[in-house]
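Visitor: Spelled out from the first residue to the last, the chains are:
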Amino acid sequence: MLRDITLGQYYQADSVIHRLDPRVKLGTTILFIISLFVFDGFWGYLVAALFLAVVIKLSKVPFKFMVRGMKSIVFLLSITVIFNLFLTPGEPIVHIWKLTITQEGLKLAILLSIRLGFLIIGSSVMTLTTTPNQLTDGLEKMLRPLNKMKVPVHEIAMMMSIALRFIPILMEETDKIMKAQLARCADFDSGNLIKKAKSLVPLLVPLFISAFRRANDLAMAMEARCYRGGDHRTKMKPLHYEKRDYIAYMIVIVYLVGGIAAGKLMPVLLGSMIL
Amino acid sequence: MGIIKVKDLVYEYIRRDEEGNVEGITTAVDDVSLNINQGDFVAILGHNGSGKSTLAKHLNAILYPTEGTVWVDGKDTKDDEAVWDIRQTAGMVFQNPDNQIIGQIVEEDVGFGPENMGVPTKEIWERVEESLKAVGMYQFRKFSPNKLSGGQKQRVSIAGVIAMHPKCIVLDEPTAMLDPKGRKEVIRAVRALNDVEHITVILITHYMEEVIYADKVYVMDKGQITLQGTPREVFSEVERLKELRLDVPQVTLLAHELKKEGFPMPKGVLTNQEFVEAFARCIGEVG
Chain A
1470 MLRDITLGQY YQADSVIHRL DPRVKLGTTI LFIISLFVFD GFWGYLVAAL
1520 FLAVVIKLSK VPFKFMVRGM KSIVFLLSIT VIFNLFLTPG EPIVHIWKLT
1570 ITQEGLKLAI LLSIRLGFLI IGSSVMTLTT TPNQLTDGLE KMLRPLNKMK
1620 VPVHEIAMMM SIALRFIPIL MEETDKIMKA QLARCADFDS GNLIKKAKSL
1670 VPLLVPLFIS AFRRANDLAM AMEARCYRGG DHRTKMKPLH YEKRDYIAYM
1720 IVIVYLVGGI AAGKLMPVLL GSMIL
Chain B
34 MGIIKVKDLV YEYIRRDEEG NVEGITTAVD DVSLNINQGD FVAILGHNGS
84 GKSTLAKHLN AILYPTEGTV WVDGKDTKDD EAVWDIRQTA GMVFQNPDNQ
134 IIGQIVEEDV GFGPENMGVP TKEIWERVEE SLKAVGMYQF RKFSPNKLSG
184 GQKQRVSIAG VIAMHPKCIV LDEPTAMLDP KGRKEVIRAV RALNDVEHIT
234 VILITHYMEE VIYADKVYVM DKGQITLQGT PREVFSEVER LKELRLDVPQ
284 VTLLAHELKK EGFPMPKGVL TNQEFVEAFA RCIGEVG
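Protein sequence lines correspond, in order, to chains A and B. The letter at position 223 of the first sequence is residue 1692 when you use the working numbering, and the numbering goes up by one with no holes. The letter at position 105 of the second sequence is residue 138 when you use the working numbering, and the numbering goes up by one with no holes.
Next up, chain A with everything else stripped away, as it sits in the complex (with noise of 0.2 Å):
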């Protein structure tokens, strides 16, 4: 049924991972790509793979939702995985017909392969672990010191939301229309590209006739409703950092400078103990 998408790919769970304030994951989430770039080496990477094993463990939500975000990727990494191993100059280790693997070639494409999917797990963390709406407040919030280069940032918010809201309804009222179609004989399905594009007008037209409508009734009801942009505001549920929050920062901070740490000091440690 229409009615029952979930949007995004929100997990409902209780855990510490989710009761953080949206702030601190987005923030997370950023430093968190920062590093995957600003590493180097194994050891890094080590601390970033520990570091998101323990947040996914924490987080309570099941790996395979982690990994169903990859699916889209595959093809895309496998794409440059092929041209790093095949087209970096370099040590050759194998010939294949005319294509030569370099030693350069191979770790490139290990180290992109990994940088990608820890990538894409990590901010599929966040998207798992927030709803749409926080996420919309969280922006807002974090973004409202762009008001004063006139970005409307509440504007923006509140349209993201609105447009969360309404997806739904447009989306059941999409069915509604192509069900009406149907029953006068309209054809979505057969045909080629062109005329299965074609076919899409007389669906595309009432949605957005519709959709202009409602616009125009939302709007007024809003305004009924004493709505006058962001300015006098106050929040419902305004966002909070808490205790946990902090120490959530605090151990951002603790696993960049560890992953610095980590690849600059290692090897020279380890060489030194061979030694």
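Just so you know, the hints here were simulated from the structure itself, not pulled from any lab data. Please note that the accuracy of each hint is not assured.
Derived DMTMM-like pairs: lysine to aspartate or glutamate, alpha-carbon spacing no greater than 25 Å straight-line [stated by the list, open to error]:
(1) B/K90 <-> A/E1692
(2) B/K200 <-> A/D1686
(3) B/K108 <-> A/E1642
(4) A/K1704 <-> B/D212
(5) B/K38 <-> B/D63
(6) B/K111 <-> A/D1483
(7) B/K180 <-> A/E1642
(8) B/K38 <-> B/E114
(9) A/K1706 <-> B/D63
(10) B/K180 <-> A/D1483
(11) A/K1704 <-> B/D63
(12) B/K200 <-> B/E162
(13) A/K1648 <-> B/D212
(14) B/K180 <-> A/D1700
(15) B/K275 <-> B/E114
(16) A/K1706 <-> B/E159
Since the structure of chain A is already known, use the hints to place chain B on it.
Guide: Structure of chain B alone, referenced to chain A:
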């Protein structure tokens, strides 16, 4: 002066062609005056295009009069400074429940009005709780509006208005898109608000059954008020209502027909109970 006072109100819709030239002028509301007292339950009746919705939108300062004046709680709606006070005093509930719910969770939607008014967070929660309880939707506070029935959504919309603590609620055909069960739910909630919380209710509708509980009924046609009075007075005018293409409640119609056939029935019978009693008396007298 009452909570709402309308004097000589005229509103014209101006139709323009693509170049912006005036194509025609439709007078939607034509010289209407009325006075509504605090605590009243007022119904405004009329068929489609009678100007009743246009009139309603004036009471909330969504439309401004072309001529004449509208005062809400002593404030002129043309006064730009007073517009937010007016919208807070006279809350409005619209026809389509889907198009007036802004929040993605019931309680967030009810909190939207108070948020806009700048009410402190703690008080917002109190207001949300009390208004959801007033319409009997408190157990649904964590639901997504998409999972509610039409009647429930409309009750959430009403709660959203009550949370702003208005003195008066204008309901613009709140039941037009609902099934009979949803209609009953909504009307029951509205009557409770009027009886218990003493909020002035202005109900715009074309369902006669919803009108019989009102203190005063106005009937509109072609932008003018053609009939007014208590429901009993208005429904006594069965022939006049038929001319205006309005139905009367079935019992009222039956009593009217019986009276025409020579039975000594009283005028303006409104409920089944009244009908039964009057008819019993009738038979007693005749037989």
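Visitor: Would you mind marking each hint as holding or not holding in the structure?
Guide: Each hint, compared with the structure:
For a cut-off of 25 Å, the pair hint linking B/K90 to A/E1692 stands: about 12 Å separates their Cα positions. Taking the CA atoms of B/K200 and A/D1686, the gap is near 23 Å; set against the 25 Å cutoff, the hint holds. The suggested pairing of B/K108 with A/E1642 is violated, with an alpha-carbon distance near 41 Å, which exceeds 25 Å. Proposed proximity of A/K1704 and B/D212 is contradicted: the alpha carbons are some 35 Å apart, above 25 Å.
Of the pairs offered as hints, the one joining B/K38 and B/D63 holds, with about 16 Å between alpha carbons and a cut-off of 25 Å not exceeded. Distance hint between B/K111 and A/D1483 is unfulfilled; the C-alpha atoms sit about 52 Å from each other, more than 25 Å. For the suggested pair B/K180 and A/E1642, the alpha carbons sit about 15 Å apart, so the restraint of at most 25 Å is met. Restraint check for B/K38 and B/E114: the C-alpha separation of about 19 Å stays at or below 25 Å, so the hint holds.
At most 25 Å may separate the alpha-carbon atoms for a hinted pair to count; A/K1706 and B/D63 exceed this at roughly 46 Å. At most 25 Å may separate the alpha-carbon atoms for a hinted pair to count; B/K180 and A/D1483 meet this at roughly 23 Å. Of the supplied pair hints, the one linking A/K1704 and B/D63 is violated, its CA atoms being roughly 42 Å apart against a limit of 25 Å. As the CA atoms of B/K200 and B/E162 are separated by approximately 19 Å, the hinted pair is consistent with the 25 Å bound.
Our distance criterion of 25 Å between C-alpha atoms is met by A/K1648 and B/D212, whose separation comes to about 22 Å. For the hint pairing B/K180 with A/D1700, the CA-to-CA distance comes to about 32 Å; that exceeds 25 Å, so the pair is violated. As the CA atoms of B/K275 and B/E114 are separated by approximately 44 Å, the hinted pair breaks the 25 Å bound. For the given pair, A/K1706 sits about 13 Å from B/E159 by alpha-carbon distance, which is consistent with the 25 Å threshold.
The structure does not agree with the numbered hints 3, 4, 6, 9, 11, 14, 15 stated previously, though it agrees with the rest.
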